[in-house]
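Number of protein chains: 6
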Amino acid sequence: MTQYSAFNLELREGIAHVQINRPEKINAMNAAFWTEIRDIFIWIEETPEVRVVVLSAVGKHFSSGIDLMYLAQVGAQLGKEVGRNARTLKRKIEELQSSFNAVDECSKPVLAAIQGYCLGGAIDLISACDMRYSTIDAQFAIKEVDMGMAADVGTLQRLPHIIGDGMMRELAYTGRTVLGDEAHRIGLVNSTFIDQEELMGGVFNIARTIAEKSPIAVQGSKEMIRYMRDHSIADGLNYIATWNSVMLQSEDLRIAMTAHMSKKQPEFKD
Amino acid sequence: MTQYSAFNLELREGIAHVQINRPEKINAMNAAFWTEIRDIFIWIEETPEVRVVVLSAVGKHFSSGIDLMYLAQVGAQLGKEVGRNARTLKRKIEELQSSFNAVDECSKPVLAAIQGYCLGGAIDLISACDMRYSTIDAQFAIKEVDMGMAADVGTLQRLPHIIGDGMMRELAYTGRTVLGDEAHRIGLVNSTFIDQEELMGGVFNIARTIAEKSPIAVQGSKEMIRYMRDHSIADGLNYIATWNSVMLQSEDLRIAMTAHMSKKQPEFKD
Amino acid sequence: MTQYSAFNLELREGIAHVQINRPEKINAMNAAFWTEIRDIFIWIEETPEVRVVVLSAVGKHFSSGIDLMYLAQVGAQLGKEVGRNARTLKRKIEELQSSFNAVDECSKPVLAAIQGYCLGGAIDLISACDMRYSTIDAQFAIKEVDMGMAADVGTLQRLPHIIGDGMMRELAYTGRTVLGDEAHRIGLVNSTFIDQEELMGGVFNIARTIAEKSPIAVQGSKEMIRYMRDHSIADGLNYIATWNSVMLQSEDLRIAMTAHMSKKQPEFKD
Amino acid sequence: MTQYSAFNLELREGIAHVQINRPEKINAMNAAFWTEIRDIFIWIEETPEVRVVVLSAVGKHFSSGIDLMYLAQVGAQLGKEVGRNARTLKRKIEELQSSFNAVDECSKPVLAAIQGYCLGGAIDLISACDMRYSTIDAQFAIKEVDMGMAADVGTLQRLPHIIGDGMMRELAYTGRTVLGDEAHRIGLVNSTFIDQEELMGGVFNIARTIAEKSPIAVQGSKEMIRYMRDHSIADGLNYIATWNSVMLQSEDLRIAMTAHMSKKQPEFKD
Amino acid sequence: MTQYSAFNLELREGIAHVQINRPEKINAMNAAFWTEIRDIFIWIEETPEVRVVVLSAVGKHFSSGIDLMYLAQVGAQLGKEVGRNARTLKRKIEELQSSFNAVDECSKPVLAAIQGYCLGGAIDLISACDMRYSTIDAQFAIKEVDMGMAADVGTLQRLPHIIGDGMMRELAYTGRTVLGDEAHRIGLVNSTFIDQEELMGGVFNIARTIAEKSPIAVQGSKEMIRYMRDHSIADGLNYIATWNSVMLQSEDLRIAMTAHMSKKQPEFKD
Amino acid sequence: MTQYSAFNLELREGIAHVQINRPEKINAMNAAFWTEIRDIFIWIEETPEVRVVVLSAVGKHFSSGIDLMYLAQVGAQLGKEVGRNARTLKRKIEELQSSFNAVDECSKPVLAAIQGYCLGGAIDLISACDMRYSTIDAQFAIKEVDMGMAADVGTLQRLPHIIGDGMMRELAYTGRTVLGDEAHRIGLVNSTFIDQEELMGGVFNIARTIAEKSPIAVQGSKEMIRYMRDHSIADGLNYIATWNSVMLQSEDLRIAMTAHMSKKQPEFKD
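Protein chains in written order, with numbering that gives the first Met the number 0: chain A, 0 to 269; chain B, 0 to 269; chain C, 0 to 269; chain D, 0 to 269; chain E, 0 to 269; chain F, 0 to 269.
FYI, nobody ran anything at the bench for these hints, they're computed from the structure.
None of these values were measured; they are calculated from a predicted model.
One should not assume that every hint holds.
The list treats identical chains as one, so a pair stands whether inside a single copy or across any two.
As the list claims (entries may be wrong) - Cut-off 27 Å, straight-line C-alpha distance, at most; resulting in silico cross-link-like pairs (DSS-like, lysine-lysine): (1) Lys142 x Lys263; (2) Lys262 x Lys89; (3) Lys79 x Lys59; (4) Lys24 x Lys142; (5) Lys268 x Lys24; (6) Lys59 x Lys91; (7) Lys268 x Lys59.
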C-alpha cells in the first residue's frame, strides 16, 4: 500500500481505516492532505475489498482545519488583474472541493470518528461523510467566519441536510463552539462516547456490522440517499426502480434468502 | 363497503380506519395487500365524507414487511434474458411503488399508529403517511439491507425528509432496530404512547381534531407541504397564491369567520 | 429615521432593532404593518451600517397574526366574477408574500425574539427569519387552519426546512399550540429563555457577536445557506466557488489574518 | 381485440394503427374518446408485439378538438360553491390530462399522421406524440384562445420543446391557422406529403423501419429523450449509464453485432 | 399619462404602444431609459385596459444598446476594495436585470417591432419580449463580446430558448451581424416586413387580433408558456390544472361559447 | 507537445487544432482515442494561450463512431454475475462519458468541422461541441439503434437542445442518414460548405474571429450558455450577476473601451 505523508491507511476485514496523521500540527490540512485524500478515495473506490471506511485522526484533536501556511501559499499566486485572479481562485477552490467530493461520492459508507477540535475545514470534511460519531468533549466550530470568509468546501452545502436550517445559520454566523452533547441533540453526530477509546471501539463495531452486509445492498442504499438530497421523490423512485431492475438479478438476494431460511450468517462477495 | 382480505376498513365520523389484518402472518404484505391498499385509497380519494385516515394493524405487530412468499412468486416470473427481465422487474417495482404513492398522494391526512414490529416494507409504508405515532416498545428496522437489496418502495426517498440525512444513513446501512423512544427523539414518530390502547386513543383524538377542521384548509395545507419536498420556496409561494386565489372564495372562510365571531364551533361541508 | 405606525425602529452598534408596536391589538398585522415592514427591510438593505437585525415585539405577546379587520377590507374588494376575483386575490397574496420575502431575502441575519402568542401570520413571519429564540412560555400555533384556509405567506414553504416533514404536518393540520420547550426540542427555536428580559439580553448578545464578524463572511454565508434550500449540492458548490473567487480578494481576509496573528480583535468595514 | 366507439384499432407487423373514427363529427373528442384512448394505450403498453404506433384519423379532417357537447356536460356538474367547484374541475382536467399523458408516456414511439383540421385539443394530442407528419394542406390552430380559455391538456407544456419559444407564443395568443408548409418550416411536423394517401404510405414506411429495430434500443432512446425535457445533462447521463448497465447485457446487442458481421437483417424479440 | 424622457407612450384600443425615443442617440439606453421602462411596465401591469403591448423605436434604428456614457458613470462609483466593488456591481446589474424582467414578467403579451440596428443591450431587451418582428434589413448583433464582457441583462439566459443552442453560441462568441432574413430562418424573429411602415402595420394587426381575445385566455397562456421555460412537464400540467380550476369558472368561457353559437364576435371585459 | 496515436494536435495563433487521425479505420474511436481526447482537453484547459479549438478529422470521413474491436474488448471483461457486471458496465460508460464531458466542459469554444461519415459515437462527440459546420455531402446518422442499444455518451442528452424534440426522435429511432443540407435546415450544423477545403477555411475564419475577442468575454458567455441548458432563467440571471460582479473589474473592459474610442483593434491577454 502506498505511503502517505498526511495520513495513515490500513485495510483490515473489509474496513479501510483512514487516519489523519499530523498531530504535531493539530492535523491541519496542508497541500499533501488535499491531494492525498483524493488519491486515497480513488484507491478505495477501485478496491472492491473495501466495504466501509472509518475516518479518524491521530492525537488529541481531529483537525484544526485548513493549514494557514497553505492558504498563504495560495494567496501568493495572485497578481494584480482582478478578473484573472478570480479565474485562478475559482480553479483552486474547485480543486479543494473535489477533494471532499471524493469523500461524498465514495460508493462505500464513510464513518467519521471525532475527538477534540473539529474546526473550519474539518467541519467541511465531516459534512461529506455518511455518519459522524464523537467523544462527549469534542468541540465543533465553523471557524471560517472568523477568517473573514464564507466556508467554501462544502459545510454550507451539506450541513443543512444534517442539522436543519435554523441551527445551521446560528453556527455559521457566530462560529460558536458546539460540544459533543449538543452535537448529538441537533443531529450533527449520531452518538457520543465517553472517550477516544470507546469512540474507536464503537465506530469500528458499526463499521463491522456494515462490512458484513451485501455490498450491493449497502452501496445501492447510499447511492439512493445521496441522490435524494438533490432530486424529487418521483425522480428518486424512478432511479431506484431502474437500479433494482438489474440489482435484484444479482446473486446477493439469493444468498441472503438462503441464509435467512437456514438461519446462517450470509457471506457476500465484494 | 367492499370486503378486503388483507384489511379491515371502517368509516365513522369522517375518519376512515384502515387496518392491516393478517396478524397470523405478522401482517406481512402479500399480493392481496398490494392491490387492496391501492383500491382502498382510491375509494378514500373519491369519498368526500372521509376527512382523515388512521392506518393501524390488528395484533401484536404492525407489519413484518413484504411477504417472502410473494417475493418468491415475482422471482419465478424471470427468464434468462437479462434485458427483458429488467423490463419486467422495473414494471413490478413501479407497481408496488404505486401502491404506496396512493398513500402519499392521498389528499386527506393519513396517521399511522404503530405497535410491535415495523420492518422493511412497513417502513416504506409509514414513510408515505403524514404522521407516525407508536407505542414505546415499537421496533423499527430498515430490514431490506439484510435481504441483500436496497429498499425500493419509498423509504430511501421519503424518510430523509423526516429524520434527516445523518441518522437516515446509519439506519439504512446497518438495519439496526430503533425503539419507540429513540424513534421519537429522531423525529421518526411524533409521539409515543405507553401501550396499544393508549396509542389508538391518542391517534383517534388527533384524527378527530383534524376531521373537524375545514377540509379546504386541511387538504390545501397537505398539498402545499407535499409540494415543498420537491420544489423551491419561490415555486411554493407561487403555487399557494394560485391555489388560494380560488380557495379564499370558498365559503369555508366565511363559516370559520362567523363561528369565530360567535364563539361557536364551525361546521364545514366535506 | 422615518417614523412608522406599526413598528419601532432603532439602530445601535450595527444592530437594527425592529419592534412590532401595536401591543393594544396583540400586535395584529394591519395594512400599515404589511407596507412598513417592506419599507424597513429596504432601508436595512440599503444601510451598510446595519450588520444584523433583531425582530421583537412590544408587550406581552409577539403577534396574533393578520388583523381580521384588514382581511375584511380585502374581502370587500371582491366582486361577482370568479376569474377576475382570482386575479385580484393572487396579486394581493403576492403583495403580502413580498413583505415577508423582504425579510427572507435580507442580506443581513435576522433574529426573532418571541414571547407570548405567536399565531398564524406570525409563524409565517418568524419562518422567514434566520433564527428564532423564545421565552419558555411562548405559544406557537399555525392558526390559519381554524380560519378555514391554508397558510399562504410562507409558513408551509419555509417551516419544513426548519422542523422537518413529520411535525410540520401535525402542526399545520391540527393548529395545536406548541410551548417554548417543545419548540426547542423540534428545532422551531434555537434556544429558550426564562422570561422576556433574559430573552432580549440573550438575543442581543448573539446579535452583537455576529455584528463584530466580517460582513463579507456573514452575508456570504447567509446567501449560500438560503441558496441551498432550493438547489443541488453541485450547484451550491459552484456558486460559492464563483462568489469566493472575488470575495477572497477582499481585504477582510487579510484583516482577519492579521488580527489572528496578533491576537487582537479584528475590525471590519461595513 | 376490444371494440371501441371512437376509434378503430389494428395491429399488423408490430405496428398498432390507432384511428380516430368519428368523421361525421369532425372527429371531435367526446366522453368515449377520452376514456378509450387511455384504455388503448394501456393495451399498447402491455402488448409486447406492438413495437410502434401510428395515430391517424378517418375522414377529411384529423380532429376539431374537444367536443363542445362534452364540455357542456362537464359544466353542468358545477354548483355554487367556488372552492368545491374548483376541486371538481381540477380533478376533471387531471383526468383529461392523464389521457394524453398515456400517449406521451407510452414506451413505444407514436407517429401522428394529420390531414385537414387539427384544432384545439387535437394540438394537445399531437404534442404528446413522438413525431408528427401531415399533408401540405393540413390546418393547425390553437383554438382554445377563441373559447376564452388557456389550453390545459398539454399544448402549452409540450409544444415549446418542439417549435421553440417565439413561434409558440404567437400561435397561442392569436390562435391563427398554420398550414402544412409553415408547420414543416417551424418544426411542428417533420415532413409533409402531397395528399392523405401519400401521407399514410410515408408514415407507415417510417413506422416499419422503426418496428424492425431492437425494441430495447428504440424504447431506451425514447425513455432518454423524454427524460431530457425535464432534467439536467448530468442527470440524463447518469440515467442512461444506469439503464445501459443492464441493457448492454441484453442479447439484442449480440444479435445486432452478429447480423452486422454477416450483413444480414437482424431479428429482435419483442 | 406620465411624460417620459426616453420613451413615447400611447394607449389606444387596448394596445399600449411603447416607443423608445432617443433617435438622435441611436436610442441608446441611458439612465432614464432603465428606470422609465420599469415604471412603464408597472403602469401596464396595473392598467386593466392594456391588453397587449407593442414595443418599437423612433427613427432609423431600434437601439444601439446600453449608453456608453451611462456605463462610464457606473464605473466611476467603484473604489479600491474588490469585495465591496463586487457588492456594488452585483446590485447594479440586478437593477438593470429587473428593468427587463419587468418586460418578461408582464402579464400581457409584448411584441417587438425592430428596424435598423438592434445591438448589445437591445438584444437583451427583445429576448424578454414575447415575439419579435423586423424589417428585412434589420441588423442584429450580440455586441457585448466586443466590449470585453459577457452579456448580463438576459440575452444569454432567454435567447437559447428562442433560437436553439447551436446558433446561440456562434452569435454570442463572434458578435457577428444577422440580417432580417437569417433572423427569420433561425427563429429570432417570427416574420419580416419589407420596410418600417409595413412592419408597424403588420405588428399592429397581430396586436389587434390579440387585443380582441379574452384576456383571461391570453394571459393564462402567457403565464403557462413562461412557466415552461423553467419547469417540468408534470409541474406545468399541475399548474394549468390549478389555474384553470378557477379560470374555467370565469364568465369569459360562457361569453366565448355564446358568441361561437351565434356566430358573433365575442366581447370580453379587461 | 505530447504525441498522440489517435490525434494530431497543433496550436497556432490561439487556435488549438485537434484532428482525429485514424483515417485508415474511418477514424473509429479506439481505446487510445478515448483516453487521449481527455488528456488533450485537460491540456487545452490548462493552457491559457489556447483561445478556441477546432476539432476536425484527417481523411475522407469525420468518424464512423466507436471502434467495434474496442467494444468487443469491453464485453470480454464481463462475467456471470449480473449485478457486478452492471457495476463494471456503469463505470465503463461513465468513463467514456467523461471523455466527451471534457469537450463539453472545456471553458474555450470548440468548433467541429465535419466531412463524410459522422456516425454513432461521432454524433455524441459533435453534440458536445459548441458549434458544428460541415460539407454539403456530410452524412450524419445516430447509428446506435442499429447496434441494438440506446446511445449512451451524450447524443440523447445534448442533441435535443440543438435540433428540437420532434426531429430528435425521428433520427434516434430510425437511425436514418441526414445530409449536410438538411442538417443545416434543422440546426444540426450552423452552415455548410461546398467541400472540405472551403470547410476548413471557413471554420478557421470563425475561430480566428473568436480568438481575437476578450477571453474573459468569450469564456464567460460559454459558461452562461452551458449553464442555461439545466437551470432556470432566475438562476441564470443570478449567476451572471455574481460572475460579472468580478469580471467587470477586469482590465478587458477598459481595453475594449479604449480600443473602441480610438477605433483600433483591441488586444487582450490570455
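Subject >> Non-conforming hints, listed in increasing numerical order >> reply: Structure breaks hints 2, 3, 5, 6 and 7.
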